[in-house]
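Each chain, written out:
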Amino acid sequence: MTLLLSVRGMTRSFYGVQVLTGVDLDIVEGSITGLIGPNGAGKSTLFNVLSGLYPPDGGRVLLAGRDVTGARPAQLVKAGMVRSFQLARGFPKLSVFQHLILYGQAQPGEGLWAAITGSKVARQREEELSEEALAVARRLRLDHVIDNPITALSGGQKKLVEIGRALMAHPKLILLDEPMAGVNPTLTEEIAAHLLALNADGITICLIEHDMALIRRLCNPVIVMAEGRKLVEGGFDEVAENRDVQEAYLGRRH
Amino acid sequence: MLSYLLFTLTIGGIYAMLALSLNLIWGGVGMVNLGLAGFFAVGAYATAIVTGAGAPVIVGLGSALLAGVIVGLLVTYGTLRLRGDYLAIVTLGLAEVIRLIALNERWLTHGADGMSGIVAPLRSMVGSQAFNLGYLVFVSTVVILLWLLLRRLDHSPFGRAIKAVREDQELAAFAGKPVLRLKLQTFAVSAAVASLAGALYSHFQSYISPDHFQPLITIYIFLAVSAGGVGRPAGAVIGAYAVVAFLEGTRFVAELLPGVDPLQAAALREMLVGAALLLVLHLRPQGLLPERIQPARKT
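Residue numbers (UniProt numbering), protein chains in the order written: chain E, 1 to 254; chain A, 1 to 299.
Think of the hints as simulated: they come from the structure by calculation, not from any bench.
We put the beta carbon where it would ideally sit given N, CA and C, even for glycine.
Check before you lean on any hint, since a few could be wrong.
[As the list claims (entries may be wrong)] So the derived list for chain A, only partly shown, Cβ under 10 Å to chain E, looks like this:
| hint | residue |
| --- | --- |
| 1 | R123 |
| 2 | S124 |
| 3 | L149 |
| 4 | S156 |
| 5 | P157 |
| 6 | F158 |
| 7 | A161 |
| 8 | D168 |
| 9 | E170 |
| 10 | A175 |
| 11 | V189 |
| 12 | L247 |
| 13 | E248 |
| 14 | I293 |
Could you put the whole structure together from the sequences, leaning on the hints where they help?
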């Protein structure tokens with residue numbers, strides 16, 4: 001059991017309000033870790049700090065044994081961690097294909113000089129990435145909308161693109177912020193099946209989700225956050241029976 | 001009439017270069033550069049000063065490119081935290097600062113008198129008619145080469161990455177793209193292209209003064225790129241020639257109207273330009289040649 005990500009004592013405040021009050025958690029390589037907790041527990045903020053959107057005020061993050069505390073988003077992607085967003089985000093004027101291939105890493109053709117001279121290495125890499133993007137699109141059944149702008153997709157398809165483009169970066173760890181939010185039950189099943197398949201391929205997944213039936217089915221372990229820190233961790237049933245967790249969700253009995 | 005036509009087409013070519021420059025920075029990476037006239041001036045003065053000191057024209061053009069790149073990098077570094085309208089305000093101010101420097105640093109730029117006698121290559125040898133024709137061919141060739149170059153960039157992985165920055169720079173960073181490097185490089189290339197346009201203008205006119213670099217030029221180029229299609233180099237080129245044709249056309253239209261004196265005619269032209277911009281934005285907001293999505297290469 002190796003740790004892929006470990007977070008120690010992470011804090012972060014906004015305008016004097018302490019949102020993360022000292023998070024300690026570990027994500028085991030190969031797991032699907034569920035992150036749950038009542039609204040305002042700090043789950044999304046944790047993702048935002050982990051993915052480099054905001055630097056932490058304090059604490060340390062190790063990714064695959066490397067200290068990545070305060071690293072920038074692009075560096076974290078290179079180190080193997082990719083994230084998705086709660087509200088599917090995209091580049092409005094780019095097509096599905098362009099979204100996918102954009103997430104391909106190590107493309108020398110993104111250098112100015114290589115782009116001008118049209119280097120052979122860049123062309124070969126472009127062909128590799130392009131085949132890979134098409135394969136990902138087929139896998140997620142997005143191939144029929146491959147050339148459509150992202151704005152022309154349904155909400156569910158946008159969620160699939162979020163997962164697909166994360167895959168293109170060959171991550172070790174994907175942070176998914178509510179991948180099933182606002183998606184119909186059929187597509188939820190489809191996304192769940194994709195996540196299980198990706199996990200079987202060796203990708204570690206950490207997801208925030210509010211659909212408890214789904215968390216129960218997909219995730220082990222489940223980490224419960226409340227008031228900016230980890231409350232408990234364990235299997236779903238164990239966590240659900242925990243008194244503190246029930247109080248965090250439902251309020252204290254007086 | 002022939003020399004008027006040659007003159008108009010040459011100016012059209014120079015506008016086309018400016019439009020390509022704006023299209024790269026605005027249509028490419030999404031930074032609104034209202035300081036285009038400033039970069040135009042930097043290139044024009046750089047070559048005028050260097051060739052005035054006795055350097056050959058090719059060195060003048062080279063120093064214009066270099067000066068453009070340096071000013072471009074300084075501006076990008078200075079405005080890293082600014083986006084959208086704030087960047088627009090700062091760059092607009094920058095162009096005015098450059099114009100005011102040209103106006104006041106008399107030891108370098110001869111102030112309001114302007115710099116005259118800028119070398120017009122080979123003119124004394126071949127005569128002015130042949131020079132005008134030759135210069136038109138030269139400028140048009142440069143436009144075509146720049147267009148090919150920028151189209152190549154547009155279709156490359158680099159072009160895809162800068163368009164991602166244009167659409168959402170935060171998300172581009174989460175896709176692993178080096179946003180800062182992309183912005184710096186794009187601004188530098190765009191500034192170099194605008195400066196090159198200025199240098200070619202300088203050697204064509206043989207005379208430049210701060211009055212040649214009013215912010216109005218920037219507005220004309222924005223009109224050109226909007227009309228042609230933001231985000232597509234071919235659109236920028238077509239838009240620039242269309243704007244020059246329109247500007248020259250209004251000259252004749254305003255003269256045709258009875259009872260309008262030359263001063264009123266000049267004011268009328270400005271109004272027509274404004275009306276044209278409104279019409280374009282209203283009727284065809286995507287421009288004549290809108291940006292296209294490149295289809296996936298199916299294997």
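Checked hints:
Annotation: R123/A was flagged as interfacial toward chain E, and the flag is violated, the nearest CB pair being 33 Å apart, outside 10 Å. Interface restraint check: S124/A against chain E, minimum CB-CB distance 36 Å, threshold 10 Å, status violated. At a threshold of 10 Å, the smallest CB-CB gap from L149/A to chain E is about 7 Å, leaving the interface hint in force. Given the 10 Å rule on beta carbons, the hint for S156/A holds: about 4 Å separates it from the nearest Cβ of chain E.
About 4 Å separates the beta-carbon of P157/A from the nearest beta-carbon of chain E, less than 10 Å, and the hint is met. For F158/A, the shortest C-beta to C-beta distance to chain E is roughly 4 Å, which falls under 10 Å, so the interface hint holds. Among the interface hints, the one on A161/A holds; its C-beta lies about 5 Å from the nearest C-beta in chain E, closer than the 10 Å criterion. This hint holds: D168/A has a C-beta 6 Å from the nearest C-beta of chain E, less than the 10 Å allowed.
Because the smallest distance between the Cβ of E170/A and any Cβ of chain E comes to about 7 Å, under 10 Å, the interface hint for this residue holds. Checking A175/A against chain E by beta carbon gives a least distance of about 5 Å; that is within 10 Å, so the hint holds. Because the closest C-beta pair between V189/A and chain E is about 7 Å apart, less than 10 Å, the hint holds. For L247/A, the interface hint is violated, the least distance from its beta-carbon to any beta-carbon of chain E being 30 Å, above 10 Å.
Because the closest C-beta pair between E248/A and chain E is about 34 Å apart, greater than 10 Å, the hint is violated. The beta carbon of I293/A comes within 5 Å of a beta carbon in chain E, closer than 10 Å, and the hint placing it at the interface holds.
Hints 1, 2, 12 and 13 from the list above are not met by this structure, while the remaining hints are.
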